[in-house]
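2 protein chains.
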Amino acid sequence: MRFTVDATSGKARAATLTLAHGDVPTPIFMPVGTYGTVKAMTPRELEEIGARIILGNTFHLWQRPGLEVVGAVGGLHRLAGWSLPMLTDSGGFQVFSLAHISKLNEDGVVFRSPVDGSARNLTPEVSMAIQATLGSDIAMAFDHCPPGDSARAVVIDAMERTTRWAARCLAAPRPDTQNRFGIVQGGAHLDLRLRHLEQICALPFDGFALGGFSVGEPIPVMYQLLDELAHRLPAERPRYLMGVGTPRDLLTAIGAGVDMFDCVMPTRNARNGQLFTWRGKIVISNARHKLDPAPPDPDCPCETCKTFSLAYLRHLHACSEILFARAATLHNLHFYLELSRRARQAILDGRYEAFAAEAIARLS
Amino acid sequence: MRFTVDATSGKARAATLTLAHGDVPTPIFMPVGTYGTVKAMTPRELEEIGARIILGNTFHLWQRPGLEVVGAVGGLHRLAGWSLPMLTDSGGFQVFSLAHISKLNEDGVVFRSPVDGSARNLTPEVSMAIQATLGSDIAMAFDHCPPGDSARAVVIDAMERTTRWAARCLAAPRPDTQNRFGIVQGGAHLDLRLRHLEQICALPFDGFALGGFSVGEPIPVMYQLLDELAHRLPAERPRYLMGVGTPRDLLTAIGAGVDMFDCVMPTRNARNGQLFTWRGKIVISNARHKLDPAPPDPDCPCETCKTFSLAYLRHLHACSEILFARAATLHNLHFYLELSRRARQAILDGRYEAFAAEAIARLS
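One line per chain: the protein sequences are B and S, in this order. Taking my numbering, the leading residue of the first sequence gets 241, the next gets one more, and so forth. Taking my numbering, the leading residue of the second sequence gets 241, the next gets one more, and so forth.
Each hint should be verified, as a subset may be incorrect.
[What the hints assert, rightly or not] With a straight-line Cα cutoff of 20 Å, these simulated EDC-like cross-link-like pairs (lysine to aspartate or glutamate) come out:
1) S:Lys251 <-> S:Glu468
2) B:Lys546 <-> B:Glu287
3) B:Lys530 <-> S:Asp356
4) B:Lys546 <-> S:Glu468
5) B:Lys546 <-> S:Glu288
6) S:Lys546 <-> B:Asp246
7) S:Lys546 <-> B:Glu287
These aren't lab readings, by the way, just hints derived from the structure by calculation.
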C-alpha cells in the first residue's frame, strides 16, 4: 500500500491510496456491499458513477454464501465481479448488535447464526482468517463497539479489549497484498478517545479508523469529537470514519481531516424513497411530485436524472417496482461520490472551508 | 406504418415493420412493461440487449399512474424514457381476469378498480382513448377473451362480441402515427377460429393478432391451431401471437408464420430463479450450482454471463437480492431476443425448419 497526501486545505486532505486492485483518490465514499452486492447495483454501474472502493461485510458473507463458496470462486472480488479495491469490516459491529444471542468473553464472541442457528465463535483470529479468504485490499481489526448509551466503565472495558484484540489481529496471518486498519473506540468521551487513539496508533497498522460514531450520540458531540480526533490520527496513514453518515456529516468530517467513509444511507434511503440532491432531500412519495416532468436534479449527469422524471419515479415507487430501487440507488451513490470528488477538488484548490460551508448551507 | 416481408422459409417470414419510433425486424419478441417498466430493467439495458419494441399494459397504466400523470409528462414513451416503438394491449385480457368483480354488457365491462375500489367502465371507445393518451405505436382492439375452459356457446358469444367491438375500435379517434391491430378469438375450436379470422381480417386493421392462446388448452392443440391459422392471416400485414410463450412455443409459432410475440415468461421466471439457455433451463436454487464458478451460459455475451458465476447468482437469489432479479431478467430477455435474431437469420438463409428442429432438440 502507498499513501500520498496530494494537498491539504486547513485540516482537510486530498490523498491517493494505492492498493493491489487500484488507486483510490481521497476523500472517498465507499458504497456498502453487505452480501457481496451493493444493493440494486451492478459492478459496471458502480464503476461508471465513479466508485473506486467498495465495502464487504465479513459477518454477513461468513453466514451467506459462506467461505466454501467464496473460496470456490477465488475470493470476494471474483464472486462479486468487482475488479477495483475492496475493504472488509471485521464483523465486530454486527456481532455486538446481536447482543441478545451472543456471549462475549476475552477470546471473542460466541453466538448463534441468525441464518442457520448454528453456534459460531468470532474471534480476532477468525475475523482475520475470514477476511484473508475474502481477499480484501483492506481488512479491519476485530473491535468491541459498545452501544452508544453505555456507561463509562463499559466503554473503558470495550476500549481496552479492542486494544488487546488489535494486537492479536496484527499477529494473525494475512495475504501479501492485504492491509490492516486499527479502530479507535472510546464512545463520546474525549479523554477516553484520546487515550485509545494513542494506544491504537502505537500499533503497526496500515491505516486507522474511528469506530463507534453515529451510534446515538448527539450530532454536535460527534462533530466536536471528530474535530479533536481526526487530525491526531497519523498524518502519513489513511483515516477512515466508519458507518457515517449524512452529506453534512461527510463534509464536516472531511474538514476535520478524515479521508474515507462508508454508510448504508445512500443505498438504504434510496430504497425507502429518499433522494439526495444539492438542494436537499426529495421524498418521492410527496404528492407535489405527482405530475412533475422534471428529473430529481436537472444539473445531475447520472443516468436516472438524464432518463426519468419525478412523476415516473414516484409512480415506480408507488408500484414497488425494482426499477425505483435501481434508479434511486444509482442517483444517491452518484451524489455521494460527486460530493467526494467536489470535496477533493476544493482541497486541491485550497478552498475547502468555503466549499463545505456553502455546500452545507445549500443542503439544509 | 410500413411492413415489408424480407424473406420467407416455409411458412416462416422475416420482415421489417416501420413504425413512428423506429424499425422492428421480425420475428421479434416484445418484453412486457406492465406499469411502464419492464420489471428490473432500464431503457438503456433494453436497447443494449436488442429490444426493438416493448409492450405496455393499458389496464394497469390506467389504474397506476393514471392518465393525468401520463398526460402531464407527454405520453408513455416520455414517462418510461423509451424512445423505440411500443405496443399497448387493450385491457381486455386483464378486465376479464377480474371476473369476480366485473360485469359484462354489450357496451363494455364495468368493474371496481383493484387499486382504489372506484367503479370503472372499460369499453372499446375508452380503451382506444386510453391507448391514444399512452401514445403507443400499435394499439390493440378491445376484445373479449373467454376462459380457456369455456363452453362452445360462450366462445361463439365472445367471438361475435369481439367482432362488434372491433368495428367500434376502428371508428374511435386515434393519433396520426398510431396503428391498430385486430384480434382473432375462437378458443380451441378450429372451425370457430377460421370463422372469426375471416370476420376480423375483413376489417381495415393495420395488423392482426391471435388472442386466447396459452390459456389452458393442451400445447399440441395450440401448435396444431397455429399451424392452421397463422399463415391464413393476411400476408401483407404483421401477425402477432399474444401472451405466448416458451422458447419452443416461439420457434413453433414462427414456423407457422407468426411475426411478433410477447410474454411475461422471461421476466417473471427470472425473478423466480429460472434462467433460459440454449441447453435448457437452469433452476438457480439447485444445490449443484452452489460452488460452480461458471456463468449460466459460457457462450452467452450478455453482461450477466460475462460478469457473474452460477455460485454468485445462487447466493444472490438465496438472499433475495435485487441484483439477482436484474441479472436473471437481463439474461432471459437477451436469450429471447437472441432467439428472435437467430430465427430471423435462419429465415433469411432459407433454413428455418432445420434451425428450429435443432434448437428445439437442444432446448429439451
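Hint-by-hint comparison with the structure:
{"no.": "1", "hint": "S:Lys251 <-> S:Glu468", "verdict": "holds (11 Å)"}
{"no.": "2", "hint": "B:Lys546 <-> B:Glu287", "verdict": "holds (18 Å)"}
{"no.": "3", "hint": "B:Lys530 <-> S:Asp356", "verdict": "holds (17 Å)"}
{"no.": "4", "hint": "B:Lys546 <-> S:Glu468", "verdict": "violated (48 Å)"}
{"no.": "5", "hint": "B:Lys546 <-> S:Glu288", "verdict": "holds (17 Å)"}
{"no.": "6", "hint": "S:Lys546 <-> B:Asp246", "verdict": "violated (37 Å)"}
{"no.": "7", "hint": "S:Lys546 <-> B:Glu287", "verdict": "holds (16 Å)"}
The structure shown violates the earlier hints numbered 4, 6.
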